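Protein chains in written order, with the numbering used here: chain A, 57 to 217; chain B, -3 to 284; chain C, 3 to 806.
Incorrect hints may appear among the rest.
What the hints assert, rightly or not - Listed next, the in silico SDA-like pairs over lysine to any residue satisfying Cα-Cα at most 20 angstroms (straight line):
hint, chain 1, residue 1, chain 2, residue 2
1, A, K186, C, P25
2, C, K677, A, E182
3, A, K211, A, T177
4, C, K38, A, N68
5, C, K672, B, D256
6, C, K20, C, Q567
7, A, K186, C, E529
8, A, K204, C, P25
9, C, K20, C, I675
10, C, K500, C, V29
11, B, K247, C, S804
12, C, K798, B, E252
13, A, K212, C, N27
Hints are computed from structural coordinates only; laboratory data are not their basis.
This one's a predicted model, so the numbers in the text were calculated from it and none came from an experiment.
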Amino acid sequence: MAAKRDVRLTVNGVAYEASVEPRMTLVDMLRGELGLTGTHVGCEHGVCGACTVLMDGRAVRSCIMLAVQADGAEFMTVEGLASEAGELHPIQQAFIEERGLQCGFCTPGFMMTIHELLQETPDPTEEEIKDALGGAICRCTGYESILKSVRSAAKKLQALG
Amino acid sequence: MKPVSFEYFAPTSVADAVSLLQEHGPEAKLLAGGQSLVPLLNMRLARPTAVIDVNRVEGLDYVREDGDALAIGAMTHQRTVERSELVQRVNPLLHAATRLIGHPQIRNRGTVGGSIAHADPAAEYPAVALALDAEMRIVGPNAERLVPAADFFVTYLTTALEPTEMLTEVRVPALPQGTGWSIQEMTRRHGDFALAGAAVTLTMDGGACSDARIVLFGVGATPLRVQQAEERLVGERVDATLMSEVGREIKTSIDEPLADIHATSEYRRNLAGVLTERALVEALERAA
Amino acid sequence: MAFEFPKSLDDLPVSKVKWVGKPVNRVEDPQLVTGKTEFIDNVTLPGMLHCAILHSPHAHARIKSIDMSRAAALPGVVTTLTGEDAERWTRPMYTTPQGWGGYVLATDRVRFVGEPVAAVAATSRYIAEDALELIDVEYEPIDPIVDAFAAAQPDSPKVFEDHDDNIMYQRIFTWGEVEEAFQKADHVYKESFRWNRVGANPLETFGIISEWDIVEDSLTCRGSFQTPSFMAMGRAATFRLPSNKVRFIAQPHGGSFGGKGGGRGTDITLMLSRKAGGRPVKWIEDRMEYLSSGGSQAWDRHYDVSIAVKDDGTVTALRVKLLDDMGATAEGFGATGAVKPMASFTGCYAIPAAEYDLTLVATNKLPVSPYRGMGPPPHNFVLEQMMDIAARDLDLDPAEIRRRNFIPADQFPYIIASGNEYDSGEYEAALDKVLEMAGYEDLRREQEEARAEGRLVGIGVVSTIEPGVFDWNAYTVIGTAGIGIPEGVTVAIDTMGKITARVGFALEGQGQYTVITQLLAEYFGTELEDVRVVHVDNLSAPPNFGPGGSRLGVAITGAVLGAAQRLTEKLTKVAAKMFEVQPEDIELLDGMLRVKKVPESQLSVRNVAAIMLNRSDMLPPDVDPSPQATFAWTAPDRVEPDEQGRVKSYLTAANACHLVMVEIDPGTGKVEILKYYIADDCGTRLNPANVEGMIQGALAQGVGAALLEEYVYDDDGQLLTASFMDYLLPTIHEVPFPEKAALVTPSPFTPLGAKGAGESAIHTTPAAIMCAINDALLPLGVRAKEVPASPNRLWKLIQGASDQ
């Protein structure tokens, strides 16, 4: 077994330090070492997108990154969306109102992907939404309500300015 | 699905990366974007003793104009290329190919060098590298060399890179003004690896074709340049009949492609021809 | 005692319905969107170990030896497990049909790639997987039996040596004068079809944490169980333990669709815990395990179908011969999927005679599991192709031939040839609605224009039945026991007037907790926030089964309304005493118990509950101080099947009509869905947004089945689709967003008139898409008979046409 290495990272504004084996995946560190279990594991080979988190603002699949690669980076996960007081983020509100989820297992990954999309494209077209979400699989909703959720979230965010 | 144990190194310079490769031998693996490697690690299909993570190597993340070419650092993310106005202006074929790679989350991590060095025969970058006469800058223990794409892709997942060498830059000549281009591929789903594809450039001069490039992907062990088909076009007035003929000839002329569960060899051959014809049609429309 | 359930929303004890029937937001969602829901892999227990399972790399082999010593010696490995342990501690797996299985870990022989052979428990999953590589198994490969037709031959090599052959089940069911109908028919049409394996693939795989208390020999399992009580009973049988020593706690889970699997993983982790001195052992099935050895695969079918038709298009008989490849064992209830089509054998049509020639065969592949729809989706695919084949030959429009054969609206309740009773329906109205939405005549004109340009454009119009509210009697013919499936709830009102509903099933995605909340807030006149639904373990819950067979929405509605009624009876007695009147003088309305003739004499439900809990001096002598009531509902009037398997099994018959327009790219064979319209009638919609979600989600799965998804085995029995790179789930790019209309024909048999709606569009979508594809191919004179209609397959068909 290879020697453990120290990883320092920031997740949702909180600084963490963990000591991990080099082979540990980022998602296993987030969930197992840091206790941030809102990010889910769906396939562990980078296809389903359930484990998507934001790394330095970019949506990445945390099951196909090594934890040691996270050293020095800033992350945002689903736990970072709502305010500390528990007020839901507009994306979360939109998902509830538009029924963007059923079982909810893929939802955190979708929401992080959408977060990146709406940061860069505040008023996306249907094609832009589909392009952004094409790498995320939902087995429950058939995607229509997710598309509506993105549109609704975009409106909410624009209204907030 | 957890990787085997390995040693991990994160060099900050090309020289350090190369000396780590020397030190750890062929059982070491370079980790770039990791979008192909880490799934293989998780499945334990890749079992390196050492992983040399080159994400912290400085100075390999750039897209710049260098004379008549684009110089792209090997660790440049595909997403950067996708968003680069420079790339879009100087080489729209490269730009279009980038948008066909996986999905945004893949392109956020995936790198230009990683994709080319991985040399998946169904991938877009190796194909356009060959179609565009790209050159790979390779750094080894003792020397640096430039390898043209035609010599770079050796066979399935295998390149001209020696075990102790590292790809540092990809130089892609600008697409000459007026050259038409197209990349066409067939996938089961949006964003999947292509069952087959064709990247084409077409230069027209006074109504006749002065230069043509046709590169197929997904149909052989490497991207496949079809010179015979190119020659059918050069000097000719390119019309629907000729493009259709070229497509048809490709179906019968190329070596039998590998079959898998999604496509038989026969079907892949057909796709190669159909997609080539479609790419030619589009390239002709774009050609000045 | 016969309970009188409210037949419609108007019968609820409110002056104006406020919650039920409305698309209220789901109570489940705030936790889910914040990542706080406790899926099983989020749970960590003190001292917990991690299990990894070694799977067979061979489809068929004798196990000569297993040496666990190197694995056991790896630091971090606490204990190991092989088939010897399973033989010592468990009974062979329960199977349907019976007698077609082995132990949860292979003993002398492996019968499919992926079969569990050994397991380890270690301090981390990483170490556990390292240990698997140190297990030395010596296999002696045997020729695998992969082809279903070959396997069904009497001289075939055998999957199980102790059986005479590989036939798990064979029977011909005959309903009515089938032979006569075929002899008298003006036209007989025959065709063969192939439906390849597809399956559930919830985004969360199966997961479990098992604890074996070695002092009192009791079990506690937490996991993603679709049917926790049912699984608990199974473990008691497997381990020969008293059933009240088996405690199952279902965690919320990330989808199931019938294919969660997990039986073997449960028993393996339990035995590991036992060997590890009772430490909790967690196993999270990874995706490759799910695909190759989990509850992932269903419906591997070869069909020969014929129909007898009169000149006017009336279908007089249907014959279906099915060879269904079960894989190696009958452990996963997958066989029920071959029997379920009997609940809607003749679809929406009044076909008086039918025959089902059914053979279930064993091969060296993964045993099949249930999957959403449970079996009719492939059956509907073949039936609907036959309808179109007849229509073409008789020069009838596909919509018209269906219209001519529909069960008329005035014939309900209607007993179909195969014995099930349809409760209600307006099939022609649904068809008309779809044709109107689509502008059918214009679409056909568009199609003509496209054809004139040489484009391959086709339209499919298909109506199907979704049998809802399953009962075990549907499966008596292949050996399941019992009639009736109780689904219970306990409803309690506390001293603050807050309502708690306790149920035996966990969140899975359908929004059932929201429905319960709506019903109780409505019934007792509260806000939604005043109701909370909690899951309790199998030892604490009233009798329950959980979701399955499009059943839970109706069943839990019956349970909630029954419990509410019982609770109201208690409250009424207390209120009657307070007002010094008789209980029959009291009524519940808008959350108030009031004297019927003196409406201003009223007490709130909250106040009466508080009196019950805090003022025993005021209670009538026959009322205990407990404002709680339990009720378990099951479908009424269920009996045993007759000698031909005919039985009223599924209580409700929802109906949907889909119209889809596709275009096939002749160069690549790729199908593009151009237009899609749905009219859906599942009776009263308790929460219309829930129903819409079921339709759209099941549509996506139907698109997957029709165009993308397929488990492929090679001739050696190796699975070639063991990852999401090769097993292709639809993404947002592949799924259409149809225009949808709701029709409401209430069920006369269910509380509030709701029908089972959870399986939904998967019944119709594959059939409709395949009809559209065949319509597109019509000018070429070729027919797509295999699902999925992959680009390669369609291209080859088109190629075959142009080669002629």
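Hints, one by one, checked against the model:
Taking the CA atoms of A:K186 and C:P25, the gap is near 26 angstroms; set against the 20 angstroms cutoff, the hint is violated. At most 20 angstroms may separate the alpha-carbon atoms for a hinted pair to count; C:K677 and A:E182 meet this at roughly 17 angstroms. Taking the CA atoms of A:K211 and A:T177, the gap is about 12 angstroms. The hint holds against a cut of 20 angstroms. Our distance criterion of 20 angstroms between C-alpha atoms is met by C:K38 and A:N68, whose separation comes to about 15 angstroms.
For the hint linking C:K672 to B:D256, the alpha-carbon distance of about 17 angstroms falls within 20 angstroms, and the restraint holds. For the suggested pair C:K20 and C:Q567, the alpha carbons sit about 19 angstroms apart, so the restraint of at most 20 angstroms is met. At roughly 38 angstroms between alpha-carbon atoms, A:K186 and C:E529 are farther apart than 20 angstroms, so this suggested pair is violated. A distance of roughly 15 angstroms separates the Cα atoms of A:K204 and C:P25; the hinted pair therefore holds under the 20 angstroms criterion.
Between C:K20 and C:I675 the CA atoms are separated by roughly 39 angstroms; this puts the pair beyond 20 angstroms, and the hint is violated. At roughly 15 angstroms between alpha-carbon atoms, C:K500 and C:V29 fall within 20 angstroms of each other, so this suggested pair holds. Straight-line distance between C-alpha atoms of B:K247 and C:S804 comes to about 16 angstroms, which keeps the hinted pair within the 20 angstroms bound. The suggested pairing of C:K798 with B:E252 holds, with an alpha-carbon distance near 17 angstroms, which does not exceed 20 angstroms.
The suggested pairing of A:K212 with C:N27 holds, with an alpha-carbon distance near 18 angstroms, which does not exceed 20 angstroms.
In this structure, the hints that do not hold are numbers 1, 7, 9, in rising order.
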